[in-house]
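Trainee: The chain contents come next:
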Amino acid sequence: MDKVIVADNLSLSYSKNETIINKVNFSVNSGTFVFITGASGSGKSTLLKSLYGALKPDSGSLIVAGVELNGVTKSKLNLLRRHTGIVFQDYKLVKEWNIEKNIMLPLIIGGYDSAVTKNQVDSLLKHVRLKHQSGKYPQELSGGEQQRVAMARALSHNPVLILADEPTGNLDDYSAGLIWNLLEGANEQLKSTVIVVTHHIPETMNVAYKHFHIEYGSINEVV
Amino acid sequence: MDKVIVADNLSLSYSKNETIINKVNFSVNSGTFVFITGASGSGKSTLLKSLYGALKPDSGSLIVAGVELNGVTKSKLNLLRRHTGIVFQDYKLVKEWNIEKNIMLPLIIGGYDSAVTKNQVDSLLKHVRLKHQSGKYPQELSGGEQQRVAMARALSHNPVLILADEPTGNLDDYSAGLIWNLLEGANEQLKSTVIVVTHHIPETMNVAYKHFHIEYGSINEVV
Amino acid sequence: MKSFKNHLSLIVALLSILFSIQTFIIVDRAIDAYKEKLVGNYSLVIVSQKRVDKKDFLQNNSLVINIDELSPDIVIKRLNSGISSKNIKLLKLSLPKFYKLKLEHYPSPLEINNLTHKLLRDKSIIKVETFSKSHDTTYKLLLLFKTVITVFALSVGLVTILLISKELKIWQFKHNERMSIMGLFGAPTWLRSAVLFRLAVVDALIATVMGFVLFTYISYSEWINEEFSSIGIDVLIYDKVTDFGVMLLVSLSLSTLLASFIVLGHKEEV
Amino acid sequence: MKSFKNHLSLIVALLSILFSIQTFIIVDRAIDAYKEKLVGNYSLVIVSQKRVDKKDFLQNNSLVINIDELSPDIVIKRLNSGISSKNIKLLKLSLPKFYKLKLEHYPSPLEINNLTHKLLRDKSIIKVETFSKSHDTTYKLLLLFKTVITVFALSVGLVTILLISKELKIWQFKHNERMSIMGLFGAPTWLRSAVLFRLAVVDALIATVMGFVLFTYISYSEWINEEFSSIGIDVLIYDKVTDFGVMLLVSLSLSTLLASFIVLGHKEEV
Ligand SMILES: Nc1ncnc2c1ncn2[C@@H]1O[C@H](COP(=O)(O)OP(=O)(O)OP(=O)(O)O)[C@@H](O)[C@H]1O
Ligand SMILES: Nc1ncnc2c1ncn2[C@@H]1O[C@H](COP(=O)(O)OP(=O)(O)OP(=O)(O)O)[C@@H](O)[C@H]1O
Ligand SMILES: [Mg+2]
Ligand SMILES: [Mg+2]
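Chains as they are written, first to last, in the working numbering: chain A, -18 to 204; chain B, -18 to 204; chain C, 2 to 271; chain D, 2 to 271.
Source of the hints: derived by calculation from the structure; they are not laboratory data.
Below 27 angstroms or equal to it, Euclidean Cα-Cα: the simulated DSSO-like pairs (lysine-lysine) are:
{"hint": "1", "chain 1": "D", "residue 1": "K38", "chain 2": "D", "residue 2": "K147"}
{"hint": "2", "chain 1": "D", "residue 1": "K241", "chain 2": "D", "residue 2": "K36"}
{"hint": "3", "chain 1": "A", "residue 1": "K73", "chain 2": "C", "residue 2": "K170"}
{"hint": "4", "chain 1": "D", "residue 1": "K87", "chain 2": "C", "residue 2": "K90"}
{"hint": "5", "chain 1": "A", "residue 1": "K55", "chain 2": "D", "residue 2": "K170"}
{"hint": "6", "chain 1": "C", "residue 1": "K170", "chain 2": "A", "residue 2": "K76"}
{"hint": "7", "chain 1": "B", "residue 1": "K55", "chain 2": "C", "residue 2": "K170"}
{"hint": "8", "chain 1": "D", "residue 1": "K51", "chain 2": "C", "residue 2": "K90"}
{"hint": "9", "chain 1": "A", "residue 1": "K117", "chain 2": "D", "residue 2": "K175"}
{"hint": "10", "chain 1": "B", "residue 1": "K(-3)", "chain 2": "A", "residue 2": "K107"}
Chain A with its partners taken away, still in its complex shape:
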């Protein structure tokens, strides 16, 4: 099985005097469902940032989908990102676009056909139970609704790699269930690799998963 992510002696930091991730080694096989846990401030979001190339490795090597991110070119990184779906912890929805257009964003960037786009957005809106709100702007939604929009956007272009940062933090159990369904579906049917940061691994998981824990700058697999 080929590996989607290979980290070799990877270190991450925002400033010289504070290393967040310290010389870690790990790898993720293609098509795996991965949970990442860790205390608040332990470096989970930081690790995700490095995976989509927003934070350059301090040292060591990080290979995602065959692309070495340490010193990657802008255009290669863009290509990688177009096949990645991200749910940010703070959602990062575009304020001046309604939620329909927000979900379309990766499809617009990918240059998809408008019929495909329409279908895809429609079915995702239904799945996250926001069809009736499709014309609203992000500020007019509740926190959990915004989070569901972010989830729908991350999945709209059927990415091969999905990175989700606490995608159910603001959701009740029922809504959270919808999200887990979506992620499991992408993993099972589209063979997408899914990496989820969460504080609580849902009790009923229908797919096999791996679990990494971050503590004191190192990453360990929990078995």
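On the provided structure of chain A, position chains B, C and D with the ligands as indicated by the hints.
Mentor: For chains B, C and D with the ligands alone, kept in the frame of chain A given last:
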């Protein structure tokens, strides 16, 4: 026992054609610890907004700490808010201030003595385990760290009424425990009334609490 | 560093406004000085067969502030190189009296016309020489000058107003969020906007001082002084008391107005 | 509604810049027209004892474009009311030849001086009348005019640059977030900035058309035309081809420049 909140036939909405809270009646005694639950988008944050006067009642009456919020004057509302501590779902930290100053905000507004301020901020920073980060700006913190700053800010001026909107949504169990401790402490020692929106009532609660559930625009007490 | 940049943007805007205003003041002074100079150079000549009584004449013609008799030599000199001395003598004998009039201010063509008609009603005055062509030229140039200055001043004003409104918008972007948050914690309006007003006053002071330094420097600059002296007028470029006062007033009131607009236009977040 | 307001802010900024530029163009034309008019009115008179050969004279003095002999009557007329007709006859006989010179352009004092010296080197020319005082007045006024216009144009330029930079900042506030988010989903730079450039081009077109309407209206406005005709010059206020072209070019390049700056200055969010 006197009542801090009395809602009488209260309706709330953002636009004519969509009522969020529909003619509800409820009241909260002074010094109570209240949980509010409900599905995503059910109107929990909307209810809190009305309690701090950011959303005017559509109809009905809403009395908070003896102040009728339907048609309240600006100065009376400001006075009420100076004795209320709020944790917003999206934190609402001031970007251009470091976290120390953010936590001071209510103390600055209240015109507190600088020694008192210093002490209070210090002890809160320690309690939420952010002493070492005190000079950082909100954007330089993790999601959970920002949430803890928002919590510390809400408690800094020992408010008589505390409104917290999913204050542990982005926190691991340990950090969440710190937050529950703080809220219980304020309720027990300072006799503050605490109203918390959450998706999960913590299993171990050291104080007695009430539980309201919002569904289809109405509010019911869960017993 | 960050806060310095915050200050800079308002200071630059204020400074540019002060610069425009001061430029306008200087131009105004230059035009005044020039008119002063023009009236000094401009004079009418009248030809009369009788001697004119100076006191009487000045009382009757308020526009005129001085009247001097010209020696006939001056009149004849204009032609002297071509005429024999015998003829000159002859001319002198038959010549009437010539008077030069100094006017109170630089006259409009209409004023000259009125004056001429009034003077000619006196039978003894046989000619009024107004040098009308050259006067016309200068006067129309002055008119054009004024029109253009007005148009330019209007454009500067317009662009400046736009500049201020943009600055306003930027301030709104920057301060709206903080002011909303403070409002949610019950800060009264004055407290929410205290930062804004402090910023406004401090920046106004800094801009005024910078304007003071700039114009003091300019008023000692050789190039500027040469430019003005080549035109032959003497203009006060920067009055360290009045102009400083005007600058201070303008920048203080502008920046506090700016701040007030933001406070008034601030919408509560829901 | 919201998107209309977005457009408006750039359109107003562009329009104000177009307005400034067009005003400057009009002023430039007015000054040129005025100089044209001045040279038409200005002439030198020379007094010569011999008849001057026209062709020869024009060849030798390139600044001069025409030379006409004056009838002595005109010269004498200036004094005629005071002199007896017998004396006039006498005068006429002894008078030399008078010539009026038309110049190619409105001369500087130096040019007049040089010309005078050159002419006087010819022994037969006994006098050159330059009306130097009135010429000096007008010339210095023109100089002042130009200096002031330059200063004003510089201030308008300065304030305009500031205005554009403010607009830039506002655009940055508005578009940075969206551009960052698009970048995080792998949008190449051109796609991220497509909205920006479309906005820039559309707004530039709208502003140009509005400028066109505005100045076409102004050029038919009675007040403006009266103002100019009172000065006695005829100025083309808005050339519907050239000026429109200039406006289009300026607003297109400015707004795309604005957009490019934002794209280049855009920092990725971490
Ligand atoms: N500013 C607004 N303008 C219009 N509609 C709004 C606005 N804010 C919220 N809503 C709508 O009101 C409803 C209730 O929102 P509210 O934020 O109260 O939900 P909530 O119970 O807090 O949900 P969550 O758990 O997801 O935060 C939602 O359907 C939402 O779309
Ligand atoms: N932009 C930044 N600049 C400087 N330090 C940062 C920045 N972002 C995060 N940090 C610091 O890096 C550490 C790890 O942050 P990170 O966001 O990865 O935590 P996390 O594991 O996602 O926590 P949470 O569960 O609270 O979201 C924190 O101590 C935080 O203060
Ligand atoms: Mg995080
Ligand atoms: Mg909510």
